[in-house]
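K.L.:
Using the sequences and the hints, build the whole thing.
Going down the list, the sequences are from chains E and R.
Using numbering that gives the first Met the number 0, read the first sequence as starting at 0 and increasing by one per residue.
Using numbering that gives the first Met the number 0, read the second sequence as starting at 0 and increasing by one per residue.
Worth double-checking, as some hints may not be accurate.
As the list claims (entries may be wrong) - In silico SDA-like pairs for lysine to any residue, Cα to Cα no more than 25 Å straight-line:
hint	chain 1	residue 1	chain 2	residue 2
1	E	K103	R	L192
2	R	K106	E	Y12
3	R	K268	E	Y12
4	R	K268	E	Y223
Note that these hints are calculated values from the structure, not bench results.
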Amino acid sequence: MRRKGINYAKYGYIFSIPFVVTFLIFSLYPILYTTVIGFTDLRGIGRTDINFLDNPFQNFQIILTNATFQKALSNTALIWIMNFIPQMLVAFLLTAWFTNRRFKVRGQGIFKVLIYMPNIITAATIALLFYSLFGYPKGPVNDVLMAFGLTDEPMNFHLQKWTARTVVAFIQFWMWYGHTMIVLIAGVLGISPTLFEAAEIDGASAPQIFFRITLPRLKTIVLYTLVTSMIGGLQMFDIPKLFLLGGPDSATLTTSVFIYNQAFSGSYLYNRAAAASMIMFVIISILSALLFFILRDRDPGRARRRARELRRIARTIDGEVSV
Amino acid sequence: MKMGMLASRNSTKAVIYIVCIFLALISIFPFWIMFMNATRSTFEIQQNSVAFWPSTFLSSNWKILVGKSFNPVTGFMNSMLVSTGATLGAVYFSSLTAYALVAYSWKLRQPFFTFIMAILMIPAQVSSIGFYQFMYRIHWTNSLWPLILPAIATPAMVFFMRQYLMATLSLEIVDSARIDGAGEFFTFNRIILPIMKPAIATQAIFSFVFSWNNLFLPLILLTDNKKYTMPIMVSLLRGDIYKTEYGSVYLGLALTVLPLFVIYFMLSKYIIAGVALGALKE
Chain E
0 MRRKGINYAK YGYIFSIPFV VTFLIFSLYP ILYTTVIGFT DLRGIGRTDI NFLDNPFQNF
60 QIILTNATFQ KALSNTALIW IMNFIPQMLV AFLLTAWFTN RRFKVRGQGI FKVLIYMPNI
120 ITAATIALLF YSLFGYPKGP VNDVLMAFGL TDEPMNFHLQ KWTARTVVAF IQFWMWYGHT
180 MIVLIAGVLG ISPTLFEAAE IDGASAPQIF FRITLPRLKT IVLYTLVTSM IGGLQMFDIP
240 KLFLLGGPDS ATLTTSVFIY NQAFSGSYLY NRAAAASMIM FVIISILSAL LFFILRDRDP
300 GRARRRAREL RRIARTIDGE VSV
Chain R
0 MKMGMLASRN STKAVIYIVC IFLALISIFP FWIMFMNATR STFEIQQNSV AFWPSTFLSS
60 NWKILVGKSF NPVTGFMNSM LVSTGATLGA VYFSSLTAYA LVAYSWKLRQ PFFTFIMAIL
120 MIPAQVSSIG FYQFMYRIHW TNSLWPLILP AIATPAMVFF MRQYLMATLS LEIVDSARID
180 GAGEFFTFNR IILPIMKPAI ATQAIFSFVF SWNNLFLPLI LLTDNKKYTM PIMVSLLRGD
240 IYKTEYGSVY LGLALTVLPL FVIYFMLSKY IIAGVALGAL KE
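P.N.:
So this is what it looks like as structure tokens:
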């Protein structure tokens with residue numbers, strides 16, 4: 000096919016240059032730089048000089064044995080679990096309902112739009128909004144609880160460790176279960192309808208169909224959701240940072256907030272923050288490797304279906320814009 | 000027998016609708032309160048923090064809000080600049096890189112793709128200390144460039160665009176353009192980009208929203224209040240100077256998300272379809 004004398008292969012390299020150069024400058028170099036800083040005594044605002052420590056692993060040792068870092072790590076895990084389990088349960092329940100052909104739930108479109116909505120709203124704004132909503136002694140949540148007689152006196156959500164953690168986990172849940180639901184529904188719609196028809200003819204019940212047919216076929220998508228949610232959860236920053244600034248008594252301090260506080264407040268311990276970042280980087284890399292294996296197998300048929308769907312969307316967008 | 004089954008199905012349906020309506024209300028409630036309280040005075044909010052209808056203090060709340068450190072116009076302009084710039088860079092160069100991966104056969108093609116898969120999930124946060132020091136050294140800490148330029152290398156978007164091109168692009172189009180004497184770069188800009196429009200549209204929405212909502216990097220880089228983006232403006236509302244100005248705080252919050260609400264309710268159908276498509280990672 001190719002005409003003689005012209006070598007097109009070089010354009011593969013040329014067109015990749017902007018990506019590669021940007022990656023080297025703005026991702027790889029900062030990662031290496033962060034690693035190096037982890038072995039130095041770099042602290043204090045405005046300093047940039049590099050002096051390696053006599054014991055190069057000192058920062059890593061200090062961070063790993065630091066009680067606050069350990070607490071931040073366990074808080075991050077705890078808040079993630081407290082948000083992920085209900086998120087999966089509710090998302091699965093809604094998926095089962097919305098895709099069940101016997102129920103034919105109406106108004107699915109509007110439910111999806113409203114349930115997904117919090118996901119695209121600025122997390123910083125949501126953190127502050129919930130801070131106000133859970134106000135004490137007067138605040139919308141307390142007012143509603145008292146109006147319905149659920150509590151006799153206002154609750155101070157901000158002052159108790161467990162209520163504070165629960166609210167942060169709830170915000171994460173509330174922002175993400177709609178997303179997970181849409182992902183799961185897409186997965187179910189990708190399952191061949193003949194499987195469901197056959198099961199129905201054989202007289203399978205709704206739970207049987209769900210656990211025997213739907214769930215096994217969603218394995219990849221569930222794994223994908225699990226791993227991406229974990230990676231996202233490890234970076235939880237906006238909500239815990241702005242909701243209660245990591246408090247009360249560090250109960251909502253996550254690793255990202257810890258790293259931020261080490262580096263950009265107090266005594267500007269860039270070296271310690273860099274060491275902590277690298278520890279997080281290792282954890283995230285292990286999770287990413289997992290994800291890599293999940294995504295490895297490709298199915299060209301599915302890619303074509305998706306492309307078709309995208310073209311349809313584009314036509315509709317064009318239609319609406321020109322109308 | 001049959002009647003019983005029907006009745007139980009109807010009661011299940013009732014439960015489904017009640018739960019769905021409840022969840023929808025939980026999505027709306029916080030934002031409703033926010034918009035209503037943005038128009039109410041501090042005194043009214045202290046009397047009763049839940050109101051279903053607006054009051055008349057919008058302009059006085061606005062005056063208090065902008066009279067202090069909150070500058071919504073500056074924040075809006077900066078966020079617009081950053082989000083638009085980052086989105087343009089991300090979609091254009093991701094498409095270009097994806098095209099390089101699909102249309103040409105070069106020796107490093109497969110290794111390069113494997114490499115992109117490997118860096119797919121590396122978050123900017125883990126390199127933030129080095130990034131900050133790097134920007135500090137080249138005096139870019141109060142510039143918007145470090146918030147825009149890194150978007151040129153967005154591995155996840157390259158991945159998405161590649162999958163799309165693999166499914167849609169026929170190399171015959173490229174070949175016939177070559178026979179007509181079109182240069183490779185011209186072919187990409189004039190023929191390939193229009194083909195990719197659907198993928199570009201959905202990815203652009205998510206890129207814009209992601210950039211608009213980003214707090215971490217702006218927070219560590221920007222110290223000059225003329226450069227603040229919207230999420231940083233939001234974090235100012237957490238400070239002591241707004242402690243008792245409940246109405247103004249709600250108004251400030253409402254302003255930061257107003258553009259998102261407009262985008263969302265105009266394009267929600269496509270955003271949700273986009274989430275579903277993005278999920279079908281192969």
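K.L.:
State for each hint whether it applies.
P.N.:
Against the structure, the hints:
At most 25 Å may separate the alpha-carbon atoms for a hinted pair to count; E/K103 and R/L192 exceed this at roughly 40 Å. This hinted pair checks out: R/K106 and E/Y12 have alpha carbons roughly 9 Å apart, not beyond 25 Å. Distance check on the hinted pair: R/K268 and E/Y12 sit about 38 Å apart at the alpha-carbon level, beyond 25 Å; violated. Of the pairs offered as hints, the one joining R/K268 and E/Y223 holds, with about 24 Å between alpha carbons and a cut-off of 25 Å not exceeded.
Checked against the numbered hints listed earlier, the structure breaks hints 1, 3; every other hint is satisfied.
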